[in-house]
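Novice: Each chain, letter by letter, is given below.
4 protein chains.
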Amino acid sequence: MIYSFRNDYSSICHKKVMDKLIESMKEQNIGYGEDYHSDNAKKLIIEKLGHDADIYFLVGGTQANTTVISAVLRPYEAVIAVESGHINVHETGAVEGQGHKVITIKGQDGKVLIHEMQHILDTHMKTHMALPKMVYISQSTEVGTVYSLEELKEIYEFCQKNSLYLFLDGARLASGMAASGITFSDLGKYTDVFYIGGTKNGGYLGEAVVFNNKEIAKNFDYAQKHYGALMAKGFVASIPFEVLMQGNLYLEIGKKENECASYLAEGLKKLGYKFYSNSITNQIFPIVPKELFFVLEERYGVELWEKLESEFYAIRFVTSFTTTQENCQEVLDFLKKYQCN
Amino acid sequence: MIYSFRNDYSSICHKKVMDKLIESMKEQNIGYGEDYHSDNAKKLIIEKLGHDADIYFLVGGTQANTTVISAVLRPYEAVIAVESGHINVHETGAVEGQGHKVITIKGQDGKVLIHEMQHILDTHMKTHMALPKMVYISQSTEVGTVYSLEELKEIYEFCQKNSLYLFLDGARLASGMAASGITFSDLGKYTDVFYIGGTKNGGYLGEAVVFNNKEIAKNFDYAQKHYGALMAKGFVASIPFEVLMQGNLYLEIGKKENECASYLAEGLKKLGYKFYSNSITNQIFPIVPKELFFVLEERYGVELWEKLESEFYAIRFVTSFTTTQENCQEVLDFLKKYQCN
Amino acid sequence: MIYSFRNDYSSICHKKVMDKLIESMKEQNIGYGEDYHSDNAKKLIIEKLGHDADIYFLVGGTQANTTVISAVLRPYEAVIAVESGHINVHETGAVEGQGHKVITIKGQDGKVLIHEMQHILDTHMKTHMALPKMVYISQSTEVGTVYSLEELKEIYEFCQKNSLYLFLDGARLASGMAASGITFSDLGKYTDVFYIGGTKNGGYLGEAVVFNNKEIAKNFDYAQKHYGALMAKGFVASIPFEVLMQGNLYLEIGKKENECASYLAEGLKKLGYKFYSNSITNQIFPIVPKELFFVLEERYGVELWEKLESEFYAIRFVTSFTTTQENCQEVLDFLKKYQCN
Amino acid sequence: MIYSFRNDYSSICHKKVMDKLIESMKEQNIGYGEDYHSDNAKKLIIEKLGHDADIYFLVGGTQANTTVISAVLRPYEAVIAVESGHINVHETGAVEGQGHKVITIKGQDGKVLIHEMQHILDTHMKTHMALPKMVYISQSTEVGTVYSLEELKEIYEFCQKNSLYLFLDGARLASGMAASGITFSDLGKYTDVFYIGGTKNGGYLGEAVVFNNKEIAKNFDYAQKHYGALMAKGFVASIPFEVLMQGNLYLEIGKKENECASYLAEGLKKLGYKFYSNSITNQIFPIVPKELFFVLEERYGVELWEKLESEFYAIRFVTSFTTTQENCQEVLDFLKKYQCN
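Going down the list, the protein sequences come from chains A, B, C and D. So that you can map any letter, position 34 of the first sequence is 34 in the working numbering, and since no number is skipped, the others follow by simple counting. So that you can map any letter, position 278 of the second sequence is 278 in the working numbering, and since no number is skipped, the others follow by simple counting. So that you can map any letter, position 326 of the third sequence is 326 in the working numbering, and since no number is skipped, the others follow by simple counting. So that you can map any letter, position 54 of the fourth sequence is 54 in the working numbering, and since no number is skipped, the others follow by simple counting.
Think of the hints as simulated: they come from the structure by calculation, not from any bench. Any given hint could be a false lead.
Said to hold, decoys possible - A partial selection of chain A residues facing chain B, derived with a Cβ cut-off under 10 Å: (1) 75; (2) 89; (3) 96.
Cβ coordinates follow ideal geometry from the N, Cα and C atoms, glycine included.
Build out the structure end to end from the sequences listed, making use of the hints.
Specialist: Listed below in C-alpha cells is the structure:
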C-alpha cells in the first residue's frame, strides 16, 4: 500500500500525545479516573466550554453512545436518529442491546430534519409506543456533512421545547468543528451532552463525554462501571485529552484533515469525478467505476461505501492527522496516469 | 355507544370458552402448565399440525413476540420486520427492551418483500452490524392483508436458504387463516415458530406459541419464566385453546368475523367510501371526512388510523366474534341517513 | 389424589369472581386497562388505603416483581432481599434479566433484619458496587412467616432514612394480612409500592400493583407495555379485584386459609410432628420421614421443601380458598392410621 | 506519598511495552483487530497454549467478564461464583446488567468448593430457577490465593461432567501463574475460556480473552461490538500482548511482583503482624491497628480491606511491575521505627 486513506484510526496517536505518555511513565496515579491527568483534562475542557460540566473519559465511540443513552434514558424511552446514524447502522445493535429503541427518520445529507422529528412526536401514541426522549446527532455526520451553528441552535430549541435531550456524537468532532465553525462554547450551550472524539482525532483511544446538563449526569460513574466502560488506568484515557485540549491543537488537527480532504476532492473534481455527498470534512465520497475501486482499494485501502447503478461505486477516502498534501497529490497523479491508459 | 367496532378484544370470551371455564371450577390442577388442560390443548393443536411440536401458552401478543424473539436469538442477532410491523410500532420497544434490534424494511401492503430482505443480507457488514437471524411476519397483517400460501412458502424457502428463522405472529390468526386459506398444517410446514392468537379470537386471554423447529425451543420453559411470561395457573391460559381447537371453531370464528367485515366494507363501497388498504380480514380501513370520524368514534368506538390530506382520515372498523350482520347493517343505515343530511 | 395441598393456585377462582365474569360476558369494554372494571377496582382499593394511589393490574407475581423493580430503579441500582426471597430463588433470574442485582442478606425466619441491611449500606463502595436503592420484602414470606406492624414500620423508617424504596410482594397478602393484622391502610402508609395478590387468593389471575409513592409510578404504563405486562383485555385482570375488594372478602379468604392451616398444624403437632418454620399463615412445613413424604405426595400433592439430616424431609402443605376443615381432618385421620401400622 | 502500594494499575506500562508502542508510531494499521499486531499477539499466545484457540483483545476486566459471560450464556443461564468474586462484589452489577444471575457460594480462601457447587446443582429446580451453566473463578483470587494445578483440574472435570463452562478471570494472571506454577498450557487444557490480564501486569490496558472451547466463541466478534468492547484501534489493545508474550516476560513480571510481596510479608511477620489471608501472590493483607492504617494510607496509599474487631483493620498492600525490594524495605524500616515510638 502506498498510503492508507482507509480511515482516521490507523495510526497510534499524534506525536504530542505520545510525548506526554512517555513523560508520565515514571508516575504512580490513582485509578478509575480520580487522578491528576483526568482532573487536568477536565479543567482544560471546562475552560473551553466557558461553564462547569460533568466530564467522563470513555474508551470508544460505540461505548460512549451506548453508555450515555442507557444512563440517561428510562427503559421505555427511545432515541431519535437519522437512518444513516452510526448508532442505527454500525454498532451491532448496541443501543438496543441495552434496551432502547432507535426511532429513525430519513433526514437529509446525514442530518436530522425538524419537521420529521415533529412528525414522530405528533404520531406518538401514549403507552403503546416507545417514548421519544432524546435526539442523537453527530458532528460531522456519517456522510461527512456538518450542522451549521444556526441548525444546531434550532435543533436544541426544538429539543428544549419538547422535553427531549440533545446528544451530539463527536467521534469526528475536530474535523466537524473546523468545517462548521462551531466552537466548544457553542457545544456547551446547545447540547445536553456531547463527546469529544479522541480515537479519530489524534488520541490512541478515548472519548471525553461532556454533560452540560448536569442533572442527567447523576451517578454516571456508576453507569460507566456497570456498562464496563470504566478503565482501571483512567489516566490512560485522559492523557490524550490533556494534550489535545492544549491551545488549539484539537481544532488544528481537524483543520489540517479537512484541508487535505478538500485538496484531494478538488483534484478529483478536476479529473471529472462526481461525489456521493457534499462533504467539507475529512471524509469524501467520490464515485468511481467499479474496476477503479479495486485498484484504489489495493493502493490506498479505501472502502466501498455504496454500490450505485451501472457498475459505479461510491467509495470513501478519509484523511487523518498523519495525512499530508503530498499523500493526496500522489493519488491525483496516479489517477491522471490511470485515466491516460 | 351503539356497538363497538373499536377492536376485537372488547368482550371477555366466546360462550363455549366460558362454559369450559365454569365446568372446570371444581378441579384442582397442577401449576405452571403441567396440567391436563394444557396437555389436552397441545394434543389438539398437534393433531391439526399433523406433526409433533413444542407448545407453550402465554398471555398476550407483545409478551409472546418478545419472549420468542429473545429466547431464540443471541444478543447481537436481529429480527427483520416491515416498518408497520406490530413489534416495530406498537410494543413500546419491547423487543429492543430485551436487547434485539428490529431491522425494518418498507414492505408492501403490510407484508415483507423478498428483494428487500435480500438487500438487507447483501449490505450486511460482518461484526459491525446486528446480525439478521429471524424474519417476523404476521397473519393477518397490521393493515388487514394476508399472505397467500404461495407467498408464505416463498418466504420460508428464502429463510431456509439464508439461515433465518421464520416467526409468524398470529394475534389475528383466525381471521388471517379464514381469509388466506392457509391451514394449521401449512403453518406447521412453513414457519419455524408461530402463535395461535387467543385474545383476539374468542379467548379471554392467551397465545399458543408453537415451535415446529424444536431445536430453537430448547429450554423455552426457562425463558418463559425468566421473562415473567409463565402463569402459575397455567390451565387458565390453556383452557381457551382446549375449546377453540375443538373441530373448526377457531376457523369459524375467523370466517364469521371476515364475513361481517366484508359485508360492512361492501356496504361502505356502495356508499362511495374509498379504502386505505385492500383488507379481506376483520379489520377494514375506510377513508372518511374528518368530521364524520368524530361522529363514528362516538357511535362505534372506531379509531383514527392515519390523518390523510385535505381533512380526510383513514379509520379502522374491527369485527369480532360478537359482531353480527345486524351490527354492520346498522352502521350502513346510519351512514345512508347521515349522507342525506 | 384425595385433595391437593400442593399450592394455593390449583383451582380457577372463587365462586364470586366467576359470577362477576359471567355477568360481564355481554359487555364491550375499552382495552388496555382503561375500562370501567379497572376504574372500579382501583376505586375500591383506594377506599381501603384511605389515600390516593396509582394502581395497575398485572398478570402474575414474577411479572409484577420484575416490572416494578425495573421501572423504578436505574440500571446500576440494586434491590436488597433475603436469601430465601422469591425474586432471589424462584424467578429464574427475572430481576437480573432486566439488569438489576439482587443483593442478598441472610435474614431470619424469611424476614429482613435491619442490622444486616445497615451493613450492606456501611460496606457499600461508591462507583464500584451496585447501588442499593430498594428493599424487597414479602407478606407472607416464603416460609409462611409474617412481619408485624411494628416491624413493617421500622423497616419503612429505615428505608426512608436511607433513601431506599420499600416494595412489598403481596402474592400471598390475604393470608399475610389475616395473620399479621396489618391493614390496607397500614400498607398504604408504610410501603412505597406493594401488590395485592390475586392469583393465590381467589382470582383466576392478577396482581394489583399499588404505588403509594406516586413519583416512582411515573410512566409505569409505558414500563408495563415495554415488559409485555399489559393485557389487551385489561378488564380480565381487574375483574377479580372488583370482586375481592368488595367488603372484607379478600381478608376473609386469608382468614379461612389460615384457620385451615392452623387446624392442620395443630393436629400434626398432636401427632408428634415438628415444624421447619413457625408459620401462622396458609403454608405449613412439617418435618416427616422420607418415606412418609412419598405417601403424602401421592395422596395430597404436597411438595418437598428441604432435605434435612437423617432421612427427614421438610415438606409443604398449602391451604387455599377451597380448603375445608374436613380436608384437613382427613389428612389427620389418615396419619393417625398410618402411624398405627 | 513515598511509594504507592495501592494497586497494580497505577503506572502506565512496562518499559518494553512503551518501546514497542513508540516503534509502531509510523505505521498505518487496519482497524478493529484485523491488524498485524493482533495477529502476532495471537500467534504468540497460541504457541504458549500448544493448541489453536480463538483470541480477542478487550480493554478491561469488568468488560471482559461481562462480554464473555453474556456472549456465552443464554438469557436464563447463570454463572456460579464465590461470594467474594469480583463479578459479584466490585463490578456494579455489570453481569446482572446484561441479564445474568450470579449464583454465589461461600467458598474458602476466595476459592470455589466443589461440594458447594454440587449442592447448587442438587437443589436446582427446573424452569423455576436460573440454570447454572458456567463457573467463574479467578487466578489469583480476590484475597491473593491461588488454585493449584490439581484443584484446577478437579474443577474442570466437575464442570465437564455437569455441562458447565469453566471461565477463569486472569486479571492478575501473571502473579497467579508465578505463584501456582500453572502454565499457559495448563490453562489451555483445563478451562473453556480464560483471559490474560494486561492492565495489571505491565500493559497500559488490555485483557486477552482466550477461548479454548471454540464452539462457544462463535460470533464473539459480534458480541464484542454489541457490548461496546471492540476498539477501533484494535492494535492499541494487542500491542501490550505482543510484548508481554515474548519469551517469559509475562511470567517474570508476576514472579518479581510475588517476590516483592513475599519479602514485605516476611518482614511484616517478623515485626509481629498477623495476616487476613494466606496470600502468596502480589496482594498481601496484614492486620494493623486502626490508627496505623491511616499513617500507612498516607505514606503508601494502601487501602482498607475490612474492618475487624477491636479497632483492627485488614489492609491491602499490592506490588506491581515497578515495585522493588527497596520500596518494600523502606516500609519495613518505617514500621520498625514506628513501633519504637
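Novice: Each hint should be assessed against the structure and marked as holding or not.
Specialist: Comparing the hints with the structure gives:
no.	hint	result
1	75	holds, 6 Å
2	89	holds, 7 Å
3	96	holds, 4 Å
In this structure, none of the earlier numbered hints is contradicted; all agree with it.
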